[in-house]
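J.: Sequence:
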Amino acid sequence: MSTIKVGLIQTALHGDTSESPQAIKKKMLDAHIPFIEEAAAKGVQVLSFQEVFNQPYFCPSQDKKWYGAAEAIPDGETTRLMQEYARKYNMVIVVPIYEEQMPGVYYNTAAVIDADGSYLGKYRKTHIPQVAGFWEKFFFKPGNSGWPVFKTAYCNIGVYICYDRHFPEGWRGLALAGADLIVNPSATVAGLSQYLWELEQPASAAANGVYIAAINRVGREQPWDIGEFYGSSYLVNPRGKIVAQASADKEELVVGEMDLQLIREVRDTWQFFRDRRPETYGPLTDI
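So that you can map any letter, position 58 of the sequence shown is 58 in full-length UniProt numbering, and since no number is skipped, the others follow by simple counting.
Keep in mind that the hints were calculated from the coordinates and are not lab data.
Even for Gly, the Cβ is constructed at its ideal location relative to N, Cα and C.
Check each hint, because a few of them may be wrong.
Claimed, not checked - Derived PhoX-like pairs (lysine-lysine); straight-line CA-CA distance at most 25 angstroms:
{"#": "1", "residue 1": "K42", "residue 2": "K27"}
{"#": "2", "residue 1": "K151", "residue 2": "K5"}
{"#": "3", "residue 1": "K65", "residue 2": "K5"}
{"#": "4", "residue 1": "K250", "residue 2": "K26"}
{"#": "5", "residue 1": "K250", "residue 2": "K5"}
{"#": "6", "residue 1": "K27", "residue 2": "K64"}
{"#": "7", "residue 1": "K26", "residue 2": "K88"}
{"#": "8", "residue 1": "K64", "residue 2": "K137"}
{"#": "9", "residue 1": "K64", "residue 2": "K5"}
To be verified - Distance windows between CB atoms, simulated:
{"#": "10", "residue 1": "G43", "residue 2": "N144", "range": "16 to 26 angstroms"}
{"#": "11", "residue 1": "W224", "residue 2": "I33", "range": "35 to 45 angstroms"}
{"#": "12", "residue 1": "K27", "residue 2": "R87", "range": "17 to 27 angstroms"}
{"#": "13", "residue 1": "I33", "residue 2": "V243", "range": "18 to 28 angstroms"}
Modelling step: build the complete structure from the supplied sequences, incorporating the hints.
T.: Right under this line is the structure:
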């Protein structure tokens, strides 16, 4: 199979942050199911959601209430439900949720489910920001999963989550490990980083000869109101060209196609992996 359909779902918050995490989770799952069914009807083979997709982006707060949003992977409710939909529609699904490893130990994680519904593994967000509006170290332990690449029914998938995208090392690590597609679920607002949204991922796709799927939520989330989540989810090809993109201000499914042959074509043209000099890079890790 050379051409694969990739779907990205961006949504706003359903429910109110005054509600319990469990109540919000139900509303968010209910909101996503019609989009999953739409994706199936359009022949999507690989589907991904936004960062911590079944909750608000609660990191502007430092409220322990949100620890209650975390769940086990793969034995939690959300992963199991998405296994059912993956199996039903023969669809690979990347499921970014708040993970509880044990009481008091929480990660920002994405589970990867194969088209037969089997759980393939997870990626835990490696780089954790701690700046105003993004108090993520209060909620997330830095990931310890390395750079796993998951061999799915359709292609090899890696995951990088939101703030990770600012660090080139992981993109390269995932590409070297065999990723065809790297998914970057995000929660990012208009302002300082918006101009980077269509700069970093296309550049990383071109530098590593891979497809990258960037997913962002939409709308404003009260009471924090740290800014407008500007959506604009997209799929970019190994040449750095955006091939499908969603709007900035509405919930939607965006569908794009990835051609696995293009990965080989681009890498045979730009011999970046041949010309790497890893034996010279050691001092970089000492800084």
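J.: Holds or violated: K64 and K137, Cα atoms, limit 25 angstroms.
T.: holds, 12 angstroms
J.: Does K250 pair with K5 here, judged by a C-alpha cut-off of 25 angstroms?
T.: This hinted pair holds, its Cα atoms lying about 21 angstroms apart.
J.: Given the hinted pair K27 and K64, is their Cα-Cα distance within 25 angstroms?
T.: holds, 21 angstroms
J.: Per the hint of 16 to 26 angstroms, is the separation of the Cβ atoms of G43 and N144 within bounds?
T.: Violated, since G43 and N144 (Cβ atoms, about 36 angstroms apart) do not stay within the stated range.
J.: Can the restraint linking K26 and K88 be considered satisfied, given a maximum Cα separation of 25 angstroms?
T.: holds, 20 angstroms
J.: Holds or violated: K250 and K26, Cα atoms, limit 25 angstroms.
T.: holds, 20 angstroms
J.: Would the pair K151 and K5 pass a check requiring their Cα atoms to be no farther apart than 25 angstroms?
T.: Holds - the C-alpha atoms of K5 and K151 are around 16 angstroms apart, at most 25 angstroms.
J.: Quick check: does the Cβ-Cβ distance between K27 and R87 fall within 17 to 27 angstroms?
T.: Since K27 and R87 have Cβ atoms about 24 angstroms apart, the given range 17 to 27 angstroms holds.
J.: Taking the Cβ atom of W224 and the Cβ atom of I33, is their distance within the range 35 to 45 angstroms?
T.: violated, 27 angstroms
J.: Does the alpha-carbon distance linking K42 and K27 stay inside the 25 angstroms limit?
T.: Holds - the C-alpha atoms of K27 and K42 are around 24 angstroms apart, at most 25 angstroms.
J.: Measuring from beta carbon to beta carbon, are I33 and V243 in 18 to 28 angstroms?
T.: Since the Cβ atoms of I33 and V243 sit about 26 angstroms apart, the hinted range of 18 to 28 angstroms holds.
J.: Take a quick look at whether K64 and K5 sit within 25 angstroms of each other, Cα to Cα.
T.: Between K64 and K5 the Cα gap is close to 39 angstroms, so the pair fails against 25 angstroms, i.e. violated.
In this structure, the earlier hints numbered 3, 9, 10 and 11 are contradicted, and the remaining ones agree with it.
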